[in-house]
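Chemist: All chains should be built: construct the whole structure from the sequences, respecting the hints.
So the sequences go chain by chain: A and B.
Residues 1 to 314 (the numbering used here) are what the first sequence spells out, left to right.
Residues 1 to 311 (the numbering used here) are what the second sequence spells out, left to right.
Any given hint could be a false lead.
Facing chain A, according to a computed beta carbon distance under 8 Å, are these residues of chain B, among others [claimed, not checked]: (1) Ala153; (2) Val164; (3) Ser165; (4) Ile166; (5) Tyr167; (6) Val171; (7) Gly246; (8) Ser268; (9) Arg269; (10) Ala279.
Capping the alpha-carbon separation at 30 Å, the derived lysine-lysine pairs in DSBU-like fashion look like this [to be verified]: (11) A/Lys79 <-> A/Lys59; (12) A/Lys79 <-> A/Lys53; (13) A/Lys123 <-> B/Lys47; (14) B/Lys48 <-> A/Lys123; (15) A/Lys277 <-> A/Lys53; (16) A/Lys123 <-> A/Lys219.
Hints in this document: simulated from the structure, not taken from any laboratory.
Note that CB positions come from ideal geometry on N, CA and C, so glycine has one too.
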Amino acid sequence: MTQYIIRRLIYSIFIIWGCATIVFFMLRLVPGDPVSAMLGIEYTPQAAAQLRKNLGLDKPIYVQYVTWMGDVLHGDLGKSIDTRQPVTDQIVSAFPKTLSITILGFIFGAVVAVPMGLLAALKRDSVFDWVASISTFIGISLPTFWFGIVFILIFAVEFRWFPSVGYVSPSDGIWPWFKHLILPGLAAGVGEAAILMRFVRAGLLEVLGSDYVRTARAKGLPERRVIMSHAMRNSMIPVVTVAGLSLAGLLGGLVITETVFAISGIGRLLTTAIFAKDYPIVQGVILLITLFFVMANLIVDILYTFLDPRIRYG
Amino acid sequence: MADQNSAEPIMARAMDVNVSADERLGRLTEQRTAEGSRFWRRIRAEKKAFLGLIFLVLLIFISLAGPWIAPYGADNVDFDQLAAPTLHHPMGTDSFGHDLFSRVILGTRVSFSVGIVGALLSMIVGVAGGVVAGYYGGWIDNLIMRIVDLIWAFPAIVLAMGLVSIYGAGVRNVIIAIAIANMVAYARIVRGDVLSLRESDFTVAARAIGVRDWRIMLRHLLPNVAAPIIVQMTLTVGFGILTETGLTFLGLGVNPATPTWGQALNESRNFIHQAWWLAVFPGIAIGFTVLSMNLLGDGLRDALDVRNVND
Numbered sequence: 001m002t003q004y005i006i007r008r009l010i011y012s013i014f015i016i017w018g019c020a021t022i023v024f025f026m027l028r029l030v031p032g033d034p035v036s037a038m039l040g041i042e043y044t045p046q047a048a049a050q051l052r053k054n055l056g057l058d059k060p061i062y063v064q065y066v067t068w069m070g071d072v073l074h075g076d077l078g079k080s081i082d083t084r085q086p087v088t089d090q091i092v093s094a095f096p097k098t099l100s101i102t103i104l105g106f107i108f109g110a111v112v113a114v115p116m117g118l119l120a121a122l123k124r125d126s127v128f129d130w131v132a133s134i135s136t137f138i139g140i141s142l143p144t145f146w147f148g149i150v151f152i153l154i155f156a157v158e159f160r161w162f163p164s165v166g167y168v169s170p171s172d173g174i175w176p177w178f179k180h181l182i183l184p185g186l187a188a189g190v191g192e193a194a195i196l197m198r199f200v201r202a203g204l205l206e207v208l209g210s211d212y213v214r215t216a217r218a219k220g221l222p223e224r225r226v227i228m229s230h231a232m233r234n235s236m237i238p239v240v241t242v243a244g245l246s247l248a249g250l251l252g253g254l255v256i257t258e259t260v261f262a263i264s265g266i267g268r269l270l271t272t273a274i275f276a277k278d279y280p281i282v283q284g285v286i287l288l289i290t291l292f293f294v295m296a297n298l299i300v301d302i303l304y305t306f307l308d309p310r311i312r313y314g
Numbered sequence: 001m002a003d004q005n006s007a008e009p010i011m012a013r014a015m016d017v018n019v020s021a022d023e024r025l026g027r028l029t030e031q032r033t034a035e036g037s038r039f040w041r042r043i044r045a046e047k048k049a050f051l052g053l054i055f056l057v058l059l060i061f062i063s064l065a066g067p068w069i070a071p072y073g074a075d076n077v078d079f080d081q082l083a084a085p086t087l088h089h090p091m092g093t094d095s096f097g098h099d100l101f102s103r104v105i106l107g108t109r110v111s112f113s114v115g116i117v118g119a120l121l122s123m124i125v126g127v128a129g130g131v132v133a134g135y136y137g138g139w140i141d142n143l144i145m146r147i148v149d150l151i152w153a154f155p156a157i158v159l160a161m162g163l164v165s166i167y168g169a170g171v172r173n174v175i176i177a178i179a180i181a182n183m184v185a186y187a188r189i190v191r192g193d194v195l196s197l198r199e200s201d202f203t204v205a206a207r208a209i210g211v212r213d214w215r216i217m218l219r220h221l222l223p224n225v226a227a228p229i230i231v232q233m234t235l236t237v238g239f240g241i242l243t244e245t246g247l248t249f250l251g252l253g254v255n256p257a258t259p260t261w262g263q264a265l266n267e268s269r270n271f272i273h274q275a276w277w278l279a280v281f282p283g284i285a286i287g288f289t290v291l292s293m294n295l296l297g298d299g300l301r302d303a304l305d306v307r308n309v310n311d
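Modeler: Structure, rendered in structure tokens:
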């Protein structure tokens, strides 16, 4: 198992290196001259030469590549063209907001999905199961950002329970911070809940049909114990995988949802940078999100081997 | 998906020396045509798939006949701006006085075609990559699958945004982004199946009588991996539509002058206090479309007995 984990780790490092390479070439793939694209109407030959020098674009491509990789390893992602601030600083100030919504959405999703999924499996083919199944289909068929808009309509515009947009730092009070995060968190949680519920239900149904559950029932264990201590435990294994992966998926979905709530997380940072053709920021944010994604995959894989001792990777 | 217990007659047919090599292979594929009619029977039996199929036909009709069904033209402007839904304007009007109902109908064609073309493109590239990787193995397999792993590492929407940031917004680039982000799923599914089919009797038989590689891949391997491809294709149309509406919502997708669902939702943010209909109806249109694709895909998965793609 240790060998598997080490191999998996090394492979992840390669993947991250590959992603960093792709992100490096992003700027070089911009059709025409990326420098004139970034400068836009402020273009003058002097400014272009200066920017080219700042970005290191005047050096041979292999020098650029080695410099970029070295800088990335040191956490230096260059400077924003727009604000002239280090990209890393901007990401560091934006990321906690995105992460808070991601975690909140994850919690909301899990709180709804796990009991609903279990109940749906236990009452298979009942009206409840049917309703739960339809809800999951609707949940995965609508974009997260649309749920955001609708929640604003209902809870902010109609009932005025929560603020519709913005973000407050937790240092200004936990409750105001939380109040601003509830709606985006809920919106993020809907899709999460839908996906998770399907897997909880399917996982429990599969385990309930297995031999050892039949044995447990046959030896006269109360149904409650059969489910709680025998079935549940094993049915949760696939759920961990989905949960881990959807945590990363949530982050991706938030890229758009943040715009709805005008929260200046990394999604907004990316969107505004794309409009401003601020490539260092675009590169930095994409690299960060990918890193998060790859790490989530890695952690899930490793957790899996601990959760299910039957799994042995060759 | 081939019958397991029919291996013996297959070999017998393939060995029949009285007919030409090509005809012998034709006989091998005969049973797949029989599977075709079973396919329809299974779909009818599967309620989800059937419902999804009906919705799909309806959506195709709306996309094709949109301009004739829509009560008003896309640019028809009424003095009644931001009017609540009435009989004249069943979904209300937007801030320019456009009839929202008409624009939602006309938006079907845009989103639907972007989703379908993106899914088709991703299928062609992904399936080709998967078949080649699985069939040849070795370094080709390694190379293709490492590229797949790399693309897989980027969340789809982020990949799409990255591409749009390089090449600019617009329908064509959104389609390319959808294609690239989704092709890896096909490659993974197809490669896995081809890997096991490569050693099957009918492939070995075909190779033994000297059928060329590309012909084996096209005529003998592809039909056998069709079921998971169809399922994935259906789901990809849904993903594609979500990606397109998301990008358009951000202003990074389809040209804002075109009536689209994403664009309508984008506008709804500015009038969220005055006009709930701007947010609700285009969202329902998106949900209905993606839902029908998901129902169809999920139903087909059950009907064709395809294992879960993400396992």
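Chemist: Sort out whether A/Lys53 lies within 30 Å of A/Lys79, counting only the CA atoms.
Modeler: Satisfied, since the Cα-Cα distance of roughly 13 Å is no more than 30 Å.
Chemist: Could you check if B/Val164 really has its C-beta closer than 8 Å to a C-beta on chain A?
Modeler: holds (7 Å)
Chemist: Can you confirm whether the C-alpha distance between A/Lys79 and A/Lys59 stays at or below 30 Å?
Modeler: Holds. A/Lys79 to A/Lys59 sits at ~18 Å (cutoff 30 Å).
Chemist: Hint validation: B/Arg269 versus chain A, beta carbon distance must be below 8 Å. Holds or violated?
Modeler: Constraint on B/Arg269 satisfied, holds at 7 Å.
Chemist: Take the shortest C-beta to C-beta distance between B/Ser268 and chain A; is it under 8 Å?
Modeler: Holds. Min distance 6 Å.
Chemist: Starting from A/Lys123, check that the Cα of B/Lys47 is at most 30 Å away, please.
Modeler: With a Cα-Cα distance of about 20 Å, the restraint between A/Lys123 and B/Lys47 holds, given a limit of 30 Å.
Chemist: Does the structure keep B/Lys48 and A/Lys123 at a Cα separation of 30 Å or less?
Modeler: holds (20 Å)
Chemist: Go through the hint on B/Ala279 and say holds or violated, using the shortest Cβ distance to chain A against 8 Å.
Modeler: Holds: closest Cβ of chain A sits about 5 Å from B/Ala279, inside 8 Å.
Chemist: Could you check if B/Ser165 really has its C-beta closer than 8 Å to a C-beta on chain A?
Modeler: Nearest chain A Cβ about 4 Å off; hint holds.
Chemist: For the restraint on B/Ala153, tell me whether the closest CB of chain A is nearer than 8 Å.
Modeler: holds (5 Å)
Chemist: Under the criterion that the straight-line Cα-Cα distance not exceed 30 Å, is the pair A/Lys277, A/Lys53 satisfied?
Modeler: holds (18 Å)
Chemist: Given the hinted pair A/Lys123 and A/Lys219, is their alpha-carbon gap at most 30 Å?
Modeler: holds (23 Å)
Violated hint for the displayed structure: number 6, the only one.
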